[in-house]
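S.K.: Chains as they are written, first to last, in the numbering used here: chain F, 1 to 145; chain G, 1 to 145.
These are calculated hints, taken from the structure and not from any lab test.
One or more hints might be untrue.
One copy or two, either will do: identical chains are not told apart, so a pair holds if it fits within one copy or between any two.
Unchecked claim - Each computed DSSO-like pair below joins lysine-lysine, with the alpha-carbon atoms no more than 30 Å apart:
| no. | residue 1 | residue 2 |
| --- | --- | --- |
| 1 | K32 | K44 |
| 2 | K44 | K90 |
| 3 | K90 | K133 |
| 4 | K32 | K133 |
| 5 | K90 | K110 |
| 6 | K93 | K44 |
| 7 | K135 | K90 |
| 8 | K110 | K93 |
| 9 | K14 | K44 |
Protein chains: 2
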Amino acid sequence: MNKFLKAAYEQALKSYNEGGIPIGSVLVHDGKIIGAGHNQRVQKGSAILHGEMDALENAGRLPAAVYAECTLYTTLSPCPMCSGTMILYKIPKVVIGENRTFMGQEEWLKEHGMEVEVADSPECYELMQRFIKEKPAVWNEDIGV
Amino acid sequence: MNKFLKAAYEQALKSYNEGGIPIGSVLVHDGKIIGAGHNQRVQKGSAILHGEMDALENAGRLPAAVYAECTLYTTLSPCPMCSGTMILYKIPKVVIGENRTFMGQEEWLKEHGMEVEVADSPECYELMQRFIKEKPAVWNEDIGV
Numbered sequence: 001m002n003k004f005l006k007a008a009y010e011q012a013l014k015s016y017n018e019g020g021i022p023i024g025s026v027l028v029h030d031g032k033i034i035g036a037g038h039n040q041r042v043q044k045g046s047a048i049l050h051g052e053m054d055a056l057e058n059a060g061r062l063p064a065a066v067y068a069e070c071t072l073y074t075t076l077s078p079c080p081m082c083s084g085t086m087i088l089y090k091i092p093k094v095v096i097g098e099n100r101t102f103m104g105q106e107e108w109l110k111e112h113g114m115e116v117e118v119a120d121s122p123e124c125y126e127l128m129q130r131f132i133k134e135k136p137a138v139w140n141e142d143i144g145v
Numbered sequence: 001m002n003k004f005l006k007a008a009y010e011q012a013l014k015s016y017n018e019g020g021i022p023i024g025s026v027l028v029h030d031g032k033i034i035g036a037g038h039n040q041r042v043q044k045g046s047a048i049l050h051g052e053m054d055a056l057e058n059a060g061r062l063p064a065a066v067y068a069e070c071t072l073y074t075t076l077s078p079c080p081m082c083s084g085t086m087i088l089y090k091i092p093k094v095v096i097g098e099n100r101t102f103m104g105q106e107e108w109l110k111e112h113g114m115e116v117e118v119a120d121s122p123e124c125y126e127l128m129q130r131f132i133k134e135k136p137a138v139w140n141e142d143i144g145v
């Protein structure tokens with residue numbers, strides 16, 4: 001696995017070990033991770049801190065020029081909220097662990113000229129599948145079902 | 001002004017008086033405000049707490065069935081992040097204070113079957129115009145420009 005996707009996976013695994021939803025993300029600029037995070041629905045009772053949002057929030061306030069040079073790595077295909085955030089900040093590239101569990105707004109991102117790379121990682125997929133079997137209601141809540 | 005839009009405007013004014021970006025929102029369910037908030041870029045150094053996001057976060061974790069009966073009131077047309085969040089949670093209606101300052105993803109919301117009502121409120125518009133004249137760089141940062 002690519003080292004940045006691995007860092008996103010480690011965030012997901014950390015969340016799983018805390019009893020939370022195992023989706024993690026890292027924001028990378030100029031070869032360095034500037035924000036890392038994971039889903040915080042269970043841990044912080046949050047409705048908006050998906051993995052991608054947590055990573056962006058942890059990166060802090062950034063000028064548009066920095067986002068324009070970033071890549072976001074995330075273990076699962078990004079939902080409309082997280083995709084919309086990437087479009088707001090014009091983050092040009094996203095690397096996705098897997099989209100077999102959940103297909104997000106990848107086509108919408110491409111329509112906005114963003115590069116979308118899907119790694120189809122077995123580790124990312126198996127971790128999500130394990131969680132969904134254990135806590136299907138929490139997963140459904142997270143995707144508004 | 002409709003009483004719920006007025007509550008959103010009061011959130012925006014509170015943010016302005018704190019030195020922050022004057023955009024506010026309230027989430028309404030069954031005739032009651034269940035979450036209120038405003039932009040927190042300045043106050044909390046947040047990259048993701050737009051007014052709509054702050055209101056949703058303050059409403060806490062909710063099942064899909066509650067979102068499906070909610071209306072979101074917001075002083076300014078919602079950006080891709082906030083629109084994506086409404087689509088994620090299938091919030092069926094949004095009432096917007098104004099869209100002259102900034103035109104968000106209203107068409108995208110309509111494509112998803114959501115009702116979009118624009119009040120074209122002079123109060124909402126004038127407050128935003130005042131802020132943008134005073135702090136244009138903060139406003140640009142908030143919309144990824």
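S.K.: With reference to the structure, classify each hint as holding or not holding.
M.R.: So, going through the hints one by one against the coordinates:
no., hint, in the structure
1, K32 <-> K44, "both (27 Å within a copy, 24 Å between copies)"
2, K44 <-> K90, "both (27 Å within a copy, 22 Å between copies)"
3, K90 <-> K133, "between (35 Å within a copy, 24 Å between copies)"
4, K32 <-> K133, "neither (34 Å within a copy, 36 Å between copies)"
5, K90 <-> K110, "both (12 Å within a copy, 23 Å between copies)"
6, K93 <-> K44, "both (28 Å within a copy, 27 Å between copies)"
7, K135 <-> K90, "between (34 Å within a copy, 22 Å between copies)"
8, K110 <-> K93, "both (10 Å within a copy, 27 Å between copies)"
9, K14 <-> K44, "both (14 Å within a copy, 25 Å between copies)"
Checked against the numbered hints above, the structure breaks only hint 4 and satisfies the rest.
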